[in-house]
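Between the sequences and the hints, there should be enough to build the whole structure, so can you do that?
Heads up: the sequence lines are chains U and E, in that order.
Using our numbering, you'd call the opening residue of the first sequence number 1 and step up by one each time.
Using our numbering, you'd call the opening residue of the second sequence number 1 and step up by one each time.
By construction, these hints were calculated from the structure, which means they are not laboratory data.
Heads up, some of the hints might be wrong.
[Stated by the list, open to error] Here are the computed lysine-lysine pairs in the BS3-like style, where the Cα-Cα straight-line distance is at most 27 Å: (1) U:39 with E:153; (2) E:88 with E:13; (3) U:39 with E:246.
Quantities reported herein were computed from a predicted structural model and do not represent experimental measurements.
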Amino acid sequence: MNLNEFFHMGGYAFYVWTSYGIALFVLLLNVILPLRQRKQRLADIARIAKRARRNTT
Amino acid sequence: MFNNFFHKMASPKYFYSIAGRLIPWLAAAFVLFTLAGLYYGLIKAPPDYQQGDSYRIMFIHVPAAWMSMFVYMVMAGAGAIGLIWHIKLAEVISISSATIGAWFTFLALITGSIWGKPMWGTWWVWDARLTSELILLFLYLGVIALYNAIDDKRTAARAVAILALVGVVNIPIIHYSVEWWNTLHQGPTVTKMDKPSIDTSMLIPLLLMAVAFKLYYAFVVLMRARCEVLERERHTSWVRELAETK
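The structure is reproduced here in structure tokens:
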């Protein structure tokens, strides 16, 4: 099988590659979002803790 | 000893650190299974004698659809455990599953639609399989919306668990819809009593992708659960220390 044939997908290239593209997007998104959320949360908690300490001293 | 183990595991702090160590391994296993699945699915498996190469959408569509139901059962099961034994971690796993489950359902619906266009001549029909899967998406969205609408997270988790448990009735409806009703959607070729009627060359990549999707769910639910633990435990000293050393 050559590369052209592979990308052509027997004439169904649009349907097959759109499906795989959407799947890739959804799977990546669901990894990136929690990664960013965790960083954000830790930063927020650190900021609030810092402020609380400043106010008590 | 076992009691001690479960007690430790159920403590948010231990869960957070153990999950953090598990995630990279599960993610690596997911990548391996996916690469193998794509190799056998897109390169090794021959075109279908009726559907040509369009059937290769199956290697995403079917695992996504299986996961949409599997994740729902985990969500409802963990919700029930949280409801009965008041285990916080079960609530966390339950609600962390909802978003991922909704995305799997979306993926199953959209890839099914894209597969339906060239094979059935239509993007959508209101047949029993498609409609019940769409209802599953709405159930997930309902769970997420309800959880976010209630400020107290423990009350929210209880309300959500009840909604999720009521929605379980939809799962057998989805599974048996192709047998109970005359649907445009095809019947099962893998999950039936006698030998699967799908050819081995296509069954292998399908099962590889199914395992890959399970692994994906495992590490992503742990990632989400860790965020949820941080949110719920934000006033505890260990979370503050963790945040400040980062």
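Hint by hint, here is what the structure shows:
| no. | hint | result |
| --- | --- | --- |
| 1 | U:39 with E:153 | holds, 21 Å |
| 2 | E:88 with E:13 | holds, 12 Å |
| 3 | U:39 with E:246 | holds, 9 Å |
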